[in-house]
Structure formats: structure tokens, C-alpha cells
Amino acid sequence: CFWSITGVKHGCFYAPEQPGERVLIMSSDQIKNSILVSGDTKGCLQIWDISSYAVDIQSQSACEQPPLLQRWSAHSR
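Letter by letter, the sequence shown follows residues 1 to 77 in my numbering.
Because the hints were derived from the structure by calculation, they are not lab data.
Among the clues, some could well be false.
[Said to hold, decoys possible] With a straight-line cut-off of 16 Å between C-alpha atoms, the simulated EDC-like cross-links for lysine to aspartate or glutamate are:
1) Lys-42 / Glu-64
2) Lys-32 / Asp-49
3) Lys-42 / Glu-17
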């Protein structure tokens with residue numbers, strides 16, 4: 001697992017599509033821990049493939065985004 005609220009940071013990335021937006025919610029498929037869903041303050045949902053994200057960490061944390069599988073905007077026309 002690359003994320004923990006109490007442990008060492010293994011990875012980080014800016015998830016929102018637009019600068020200045022904030023992540024409002026995150027969820028993962030807890031059994032496999034291979035999919036991360038994030039939602040931001042603009043109403044954009046993103047599905048990320050985290051199956052191989054930050055799993056081979058030596059001394060640096062991963063800072064690039066994992067592969068984006070899908071993006072959906074709730075408030076766009």
C-alpha cells in the first residue's frame with residue numbers, strides 16, 4: 001500500500017484536473033488495492049490504476065501520477 005495516514009509517505013500526486021481544486025473524497029478497492037477513485041471540488045471523478053504505483057520504493061517517494069483510467073465531470077455540458 002502506498003498510502004497511510006500514520007506511516008511514511010511512499011507516493012503523492014496532484015489528482016484534480018484544474019489547478020487550485022482540492023480532492024474531496026478518495027476510495028479504493030480494498031481487497032486488491034489496485035483502483036483509486038478520487039473526486040474533487042469541481043465535481044470531477046477520476047479512476048486511477050494504482051496496482052503498480054509506488055510499490056518499489058527505495059529512498060524516494062513516487063511523485064508522478066499513476067495511469068488515469070477514466071475521468072468524468074459532473075457539471076460539464
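The hints, checked one at a time:
For the suggested pair Lys-42 and Glu-64, the alpha carbons sit about 22 Å apart, so the restraint of at most 16 Å is broken. Between Lys-32 and Asp-49 the alpha-carbon distance is near 11 Å, which keeps this suggested pair within the 16 Å criterion. For a cut-off of 16 Å, the pair hint linking Lys-42 to Glu-17 stands: about 9 Å separates their Cα positions.
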